[in-house]
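Novice: These are the residues of each chain, in order.
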Amino acid sequence: MGTMMKALFGLAVMAVAPMVYSAGVDVAAPAEKVTNWSAIAMFVLFVAGTLYITYWAAQRTKSAKDFYAAGGGITGLQNGLAIAGDYMSAASFLGITGMVYLKGYDGLIFAIGFLVGWPIILFLMSERLRNLGKYTFADVAAYRFKQTPIRVLAAFGGVAVVILYLIAQMVGAGKLIELLFGLDFNYAVVLVGVLIIAYVSFGGMLATTWVQIIKAVLLLSGSTFIAIAVMYQMGFSFETLFKTAVENRGNNMDILYSGGFVSDPINAISLGIALMFGTAGLPHILMRFFTVPDAKEARKSVFYATGFIGYFYILAFIIGFGAIALVVSAEYMDGTKLIGGNNMAAIHLSHVVGGDFFLGFISAVAFATILAVVSGLTLAGASALSHDIYANVINPNATEEQETKIAKMATLVIGGLAILFGIGFKDQNIAFVVALAFTIAASANFPVLIMSMFWSGMTTRGAVIGGWLGLISAVVMVVLGPVVWTQILQMGEAIVPYKFPALFTVIIAFVGIWFFSITDKSARAKEDKEGFEAQFIRSQTGIGAEGASSH
Amino acid sequence: MDQTKIEKIKSLPQYDQLVRERSSLAWKLSIAMLVVYYGYILLLAFDPAFFTTIVAGNYISIGFPLGVGIIIFAFLLTGYYVKKANADFDELTAQIKKEVE
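Chains as they are written, first to last, in the working numbering: chain A, 10 to 560; chain B, 5 to 105.
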């Protein structure tokens, strides 16, 4: 299980294996220099293009609504691509292909777990979110409740998830860039930080969305090309692909079956809950529902996103098997292992099927992916600080100009923190951060959000106590789990034997919300319950919802 | 939204129909997705031998069509919901808006 997770959140692996990096440096033989230049040229092209988009977006980003929600003028298809882009991070591209390369069929099981949350989000959440929300998911969670305590809880949960995710992305980015471009880790991290601050603070959500769309299109096209090239070499026969792969693994058929990945049902179900409900509690994904004009476009976004993400995972599966079948030449191997580790499987395969030029393209796409995902995270974190904390708690009378100004300052702060954390966590074991981010999202953000929309009996007290219980139990159980307790703190056998304790922490949050709501007899509780009807009607019909801006 | 508007919307037969049909469809499809996904996970956990079945040629095991099938199933479910919502729910919503605005 431990190795499985590392393989998935692949970039983390590079962080915990310094030998991986030194192996990567060895690649910088003369023959590889050409590759680096084509990668750098394509990356510079991408950066120039996205900076132009930022300039263009900056002209159109005037109001708070423009900054947070791209004026509400993104179409369903565009938003579907952007959501898919947020989901198809470098970790999932390199990690899932790397995991299929390592384990074969088990990689597909993981990919499916990441996908199946999306239909549920569509059926139960997307339209309601759009009808109720404005800029952040806290707008929905706090809709009929006392604003301050719920906003503080939601902002805390949101910023915690963003920071944890940022640590994983920034450390991964630094390692990946060091490996692919030969740029020093610290420079790489600063470069990423400066670019995303520019995108977000000048171009707001409009620039962030378009950077994400372009990257999603590049990543989908690049992956499609690799997968078609693999199938071409295999005579478009899966039989030949699997046969070649099995032969390369010493005729061991195990890669065609599940290798006991879900031998422990509780672990498997807990992981499934973390992935499914965690996805529905990620602030940078949720805020995308406020960028479309109405509920109809919100629902179309999820349809397109599910299609793109599902297609991408099928490609990743073909790419992983293609790497087993085709990445066999000694130039990619360091002994019996891949140069740079399993997570470089897709990168090496791109060189096998497309030569130096295509390797450069895929490397540039991997870097672009990190930039795009980090931008989305930074905007989500900045929105939580400026919209939820500043404009709703500290200064409820703030003008739009003041709020937008604070949002830009918050962008600088989050971007600066991303740089500091990226450098600070460079040599740390960060394998736990993504598990923790998903567990917090599933056990603090998601329960409060979903119950606020579905349960008329929820009160401010129930939401606050249940939400904090979920958040605290998520942190405590991850710390007592196998990664932090056993691997990092070296305290021996884990007290909580689950890497994703979401099954337990989600139940704690829901029971907490339920119990402290039904026992709440305060005047505020009465007000909270009475507000449900108006909220429910708006969530169903969109009457009174925030519309698109005029431009 | 004031109380008279709330009462007005609640009294509309279209509103009743919208809430009833959409909730029913959303829950049915959600349960279908959960049953398929957790059924797959439980099958993996309790009957791993099932996954060694070869269904085509000598190398294509049952897990491949099954796994890809779940991905396609998820996509088709979302497509079905969107089609149904575009055809029926938007029409009902438009009627409700017309009545009260």
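Fair warning: there could be bad hints in the mix.
Unchecked claim - Think about it this way: if two alpha-carbon atoms lie no more than 27 Å apart in a straight line, the pair counts; the simulated DSSO-like pairs of lysine-lysine are:
#  : chain 1 : residue 1 : chain 2 : residue 2
1  : A       : K535      : B       : K14
2  : A       : K305      : B       : K14
3  : A       : K535      : B       : K87
4  : A       : K305      : B       : K9
5  : B       : K88       : A       : K538
6  : A       : K143      : B       : K14
7  : A       : K143      : B       : K87
8  : A       : K143      : B       : K102
9  : B       : K102      : A       : K305
10 : B       : K87       : A       : K538
11 : A       : K143      : A       : K538
12 : A       : K143      : B       : K101
13 : B       : K14       : A       : K155
14 : A       : K305      : B       : K32
15 : B       : K14       : A       : K538
16 : A       : K535      : B       : K102
Derived from the structure by calculation, the hints contain no laboratory data.
Novice: Now tell me, hint by hint, if it's right for this structure.
Specialist: Here's how the hints hold up against the structure:
1. Distance hint between A/K535 and B/K14 is fulfilled; the C-alpha atoms sit about 21 Å from each other, no more than 27 Å.
2. Our distance criterion of 27 Å between C-alpha atoms is met by A/K305 and B/K14, whose separation comes to about 22 Å.
3. Restraint check for A/K535 and B/K87: the C-alpha separation of about 39 Å exceeds 27 Å, so the hint is violated.
4. A distance of roughly 23 Å separates the Cα atoms of A/K305 and B/K9; the hinted pair therefore holds under the 27 Å criterion.
5. Between the alpha carbons of B/K88 and A/K538 the distance comes to roughly 32 Å, so the proposed pair goes past 27 Å and is violated.
6. Restraint check: the Cα-Cα separation between A/K143 and B/K14 comes to about 25 Å, which is no more than 27 Å; the hinted pair holds.
7. Between A/K143 and B/K87 the alpha-carbon distance is near 26 Å, which keeps this suggested pair within the 27 Å criterion.
8. The straight-line distance between the Cα atoms of A/K143 and B/K102 is roughly 24 Å, inside the 27 Å bound, and the hint therefore holds.
9. Among the hinted pairs, B/K102 with A/K305 is consistent with the structure: their alpha-carbon atoms are about 17 Å apart, no more than 27 Å.
10. With a C-alpha separation of about 34 Å, the suggested pair B/K87 and A/K538 falls outside the 27 Å cut-off, and the hint is violated.
11. For the hint pairing A/K143 with A/K538, the CA-to-CA distance comes to about 22 Å; that is within 27 Å, so the pair holds.
12. Among the hinted pairs, A/K143 with B/K101 is consistent with the structure: their alpha-carbon atoms are about 20 Å apart, no more than 27 Å.
13. Among the hinted pairs, B/K14 with A/K155 is consistent with the structure: their alpha-carbon atoms are about 26 Å apart, no more than 27 Å.
14. With a CA separation close to 20 Å, the supplied pair A/K305 and B/K32 stays within the 27 Å bound.
15. The hinted pair formed by B/K14 and A/K538 meets the criterion: a straight-line CA distance of about 17 Å does not exceed 27 Å.
16. Under the criterion of a C-alpha separation no larger than 27 Å, the hint pairing A/K535 with B/K102 is inconsistent with the structure, at around 32 Å.
In the structure shown, a violation is registered for the earlier hints numbered 3, 5, 10 and 16, in ascending order.
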